[in-house]
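J.: Given chain A, work out where chain B should sit, using these hints.
There are 2 protein chains.
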Amino acid sequence: MEDKKLKEICKKIRYEVLTSTTNAGSGHPTSCLSAVELSVALFFGGFFQAEDKFILSKGHAAPLLYSIYSVAGLIPSDWIYKLRKFGSPYEGHPTPRFPYVDVATGSLGQGLSVGVGMALGIRLRSKKDGIETGPKVWVLLGDSEMAEGQVWEALEIASYYKLNNLVAILDVNRLGQSRETMLGWDSETYAKRIESFGWETVIVKDGHDLVEISQSLSKIVKTATTDKPTMVIARTIKGKGASFLENKEGWHGKALDKEELKIALKELGKIDFNVLSKIDNLTDSVSDSFPPGFGSQKVASTLSGSLSPRHLLNYQVATREAYGDSLVELGEENPNIVVLDAEVGNSTYENKFQKKFPERFFQMFIAEQNMIGVALGLSKVGFLPFMSTLAAFLTRGFDQIRMAQYSQGNIKIVGSHCGVSIGADGPSQMGLEDIAMMRSVLKSVVFYPSDAVSTYKLTKVMADNQGIFYLRTTRGKTPIIYGEDEEFKIGGCKVHQLKSQKLKVKSSSKNSKVLLIAAGITLHESLKAQEELAKEGIEAIVIDCYSIKPLDKVTIINYSKEIKNIIVVEDHYPAGGLGEAVANVILGRSPATAGRRLQNLDNDSGQARMTREINFVHLAVRKIPCSGTPEELLRYEEIDSQAIITSVKSIRIHNSKVKS
Amino acid sequence: MEDKKLKEICKKIRYEVLTSTTNAGSGHPTSCLSAVELSVALFFGGFFQAEDKFILSKGHAAPLLYSIYSVAGLIPSDWIYKLRKFGSPYEGHPTPRFPYVDVATGSLGQGLSVGVGMALGIRLRSKKDGIETGPKVWVLLGDSEMAEGQVWEALEIASYYKLNNLVAILDVNRLGQSRETMLGWDSETYAKRIESFGWETVIVKDGHDLVEISQSLSKIVKTATTDKPTMVIARTIKGKGASFLENKEGWHGKALDKEELKIALKELGKIDFNVLSKIDNLTDSVSDSFPPGFGSQKVASTLSGSLSPRHLLNYQVATREAYGDSLVELGEENPNIVVLDAEVGNSTYENKFQKKFPERFFQMFIAEQNMIGVALGLSKVGFLPFMSTLAAFLTRGFDQIRMAQYSQGNIKIVGSHCGVSIGADGPSQMGLEDIAMMRSVLKSVVFYPSDAVSTYKLTKVMADNQGIFYLRTTRGKTPIIYGEDEEFKIGGCKVHQLKSQKLKVKSSSKNSKVLLIAAGITLHESLKAQEELAKEGIEAIVIDCYSIKPLDKVTIINYSKEIKNIIVVEDHYPAGGLGEAVANVILGRSPATAGRRLQNLDNDSGQARMTREINFVHLAVRKIPCSGTPEELLRYEEIDSQAIITSVKSIRIHNSKVKS
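Heads up: the protein sequence lines correspond to chains A and B, in order. Here the first sequence stands for residues 1 to 660, numbered as in full-length UniProt numbering. Here the second sequence stands for residues 1 to 660, numbered as in full-length UniProt numbering.
Just so you know, the hints here were simulated from the structure itself, not pulled from any lab data. Predicted model only: the values in this text are computed from it and were never measured. Treat the hints loosely; a few may be bogus.
For each label pair, taking beta carbons as the anchor points, the in silico distance ranges come out as [stated by the list, open to error]:
1. GLU332/B <-> SER243/A: 37 to 45 Å
2. LYS5/A <-> GLN316/B: 44 to 52 Å
3. PHE244/B <-> ILE653/A: 36 to 44 Å
For glycine and all other residues, C-beta sits at the position ideal for the given N, C-alpha and C.
One chain only, chain A, in its complex shape:
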């Protein structure tokens, strides 16, 4: 396209950026203005191709993105009145509510990881399809976000995997939110650092010179023979296009008022409002090349009795190992499954998958933030990523998991070595906040299986269902307690009741029964306690809440109606775990449906309300743990069978005293 038309497009985009943010009364116009020429050259200069992917890592430049699609005629130009308005797809930072966006951005430093995932996925798919070079992935980065370590994790892994289909464009506009960035306009130092991480770099001296940008992009497209990813480092001016904004501090994240807008638009000069330009090779079907849900092609797992012979009742198998076994089976039946490891695959047993399907296994090394971003990227180009590390270290990727929910990510996260039950390694290696973290994500599903069979089957459930799933596995071996025919589902639980002959007394009175609620390692402690209590004639019913979120509310509420003594026991810190989740279910009802629920309550005479005495005891990890054997630590934290029995007895003594 001729330079003149590109310049007209730039003008129209500046107009839309400035006008939309003033209309909204907020936004980041100056961060958009620095990247106008970079974006226009990419999208309208013939570089961006139909199947390519684009990620706006500097998500606060959202209006720039919207204006590109407006110029391309893909969205109506009246978007400028809808920016940041309630219910509009033109949000303050991009989310997939805007149909041309794959992932939400706005927490800086995450876009390049997603790009790495997409580039890996495209290459894997291209190889399969016999295509030599697949589409490209383009990531627009801000210079402030280069301070985030995650960017360097993405850089190192991109060169490690020789992702020559990945191109990043760095908008070096010098100014951050409140001051100059660490490196200012020092493109040379950026280049030195990025090259040392194994990338090609191209410096653009004037990031507003369409000719220079185009020449640089041409070079990249031509030299696709390199086996390196490429970074374009472009010196730009924040606020470019309105003299009173250019390179000025104090203008980050600020919309112009109406007077200022007038002045700015006057400076821009005459706008050709009719300038419309198809993005070369890019039509309305832009997103259809990877149709939404491509990643979700449901290849229902067969659950074809494929449990191996050693998955027999009472056999001892670590749940983390059963996860590995399940992954291998899933890998056979679903070619879209890929697995990511943070260099602990021999601890999480993902190495089983690696041995069988090395081409679908990606070593992410010890860089958890990037691993989650890469998984998200893979999920957006048609793959179904599982990933794992020690549960403790998943906390490192909380921001990335949080953002994945806004990207409608379909990612499966597995945390091993949970709880104090890992033993001697000490607290730094114990996942004790992971349930709280994963439950807090709005639409997550959280599983915590207790044996190999349930782990095996829940891993398949994760593969069969869309969304962010978390599976918590245990380091030590646990006995298999479920048969091959047992079913495990989202929101399910298992009730363990002893056969009456095991009880000394024939039937317990309602007041003397005890309900033990547990999951994972503490389920086994609860079952031990149940046996012991039975010898003394105390009847305990044990619920295995393997689905910690969502909980099986109906079962819990029904049993809590019958049994007034309730003990929840978990290998996790007290806040945000199973105990609080259960307390909330017993005491509460969902607010979103409070009205409706109350209606339902009326129908069944309000039975769901608390109408009886309840003794609720929550056993959890309440002391800072230390090294020791698993048994010593479960004992120390008072979450073992003995602690359960002690609690049961003190409740019963208490009850009898109250009665007498």
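T.: Frame of chain A, contents of chain B only:
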């Protein structure tokens, strides 16, 4: 010291490393063995000085650390029988239970950030004391952890601050847990990357050659004229000293069995068990140079009526701004207070402190993980660090916060822009999981004030008390509702009751009263609802739970005894927030003290148990939010006054139906 004695020391350390891990039955001997000469040269070669600091970033090499102090005669040599045993200070990964350790390590990639904090703190203190060059900070890094982005965050900020008192030693033993690291033995590439980040580097070709190591360390100590931090990059052999371990895969994190130990010890040859060597200039007082609690010198804030005139009832001030005001006052009265910013100081209002005390303000740029590590380091050399960013982005530092609890960190974290009430910027910028995150840390304190006065005073409470504190602030302005004389404390709350003349009816029946529990922005919505309900003759009592953790359990339980209709409303996702915390208090009791509590219950006839019907409704953010005005979003999520009123009414309709 002569080379011969150093070699004897190395042998003894190898003996202790191998023996202790075999005794323990687990541990990481091979990761210790690669760094023996590096550590011995540093500690016994005259380089490490009395006031220097040392951080073992590769925490899994803990036995190496213990054996150094054993050789120095500072701990008894029978530690080798106590490694990883319950109750022993010789944990699997170091924690401050071992008295010569300042911070817990074992989550890789965190040590260098702590070192940066210590180096910054030492320099700040040295400047104050008029000392030209202060002590040095030494950090021993593993090569696997170089994949963590946080290390690069620490590298970039260390050179930005020209920390020539910081020396890192990189143990390049080539092998990670399950495979070769990304760069293997490529010291040149490490050097290129690290130099590009503004460091001096020194390559040690043979990291087991005591002479070469000593020469390199001498160079560093001599050339203290540089204004750069220095990294020693040493090629080593994992498992060095036992031929069957050397440079072999499959030996990470594995102790030798007794037969293997015999062979290894035979190879080591005769050990001089009496080799004892004071660490030059280092005596038992090693830790006393910065005595424990130095950081905690309590300079009680005066609360001297220093509220500014604009802190008047009904005045509108954003709590984030009140935080800034309070910081300034604290800065005046306590010279140890330092402030860290993640380049959003004009959003969090830390820039107020920056203007007043620029030398105690540290810009950490957009790198939250490192910011938290640096704060921890500062706290360990006598400073009291406050830090803030948007609450949403604090999730990025969860692993670092988690580890800080094991380091007994004294750090004050502030998250601004919490909840959907921020408005137009969209979900990526909204802190909606932060309460869950911060509550999950075992001994944390979590504040969520609703107005400027409570924020101002709670910031001072944070300064006056040891530990990990979190303060949640709000973007928008809120009216001041508390007078200057009000007191705010850890575990406190405020009860808001309308004067009876505002009620149409004189006194409500017990069953018709409503208890509204809220904090922060939803407190104001609750107070609005209270006014509205009063007009219709419905009495609502509002509790401001500004101390979300610990909660004021007594007050909540007492009111919940009197009032059966309870609504908790919060601007946070449902899991792990205020609602679940309150449910747990109402339903449960502390397990740690369950027995004792039950005793107490007996004394007051079990009143704390649930003996009545309770209608518990939990209003929280239950839909993925979007852009919009604060009002629209509070409405959409059904956490505004209108939603509260609707809930109150449906409960009451329900009650009357049940009764009739």
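J.: When the hints from earlier in the document are held up against this structure, which numbers fail?
T.: Hint 3 alone not satisfied by this model.
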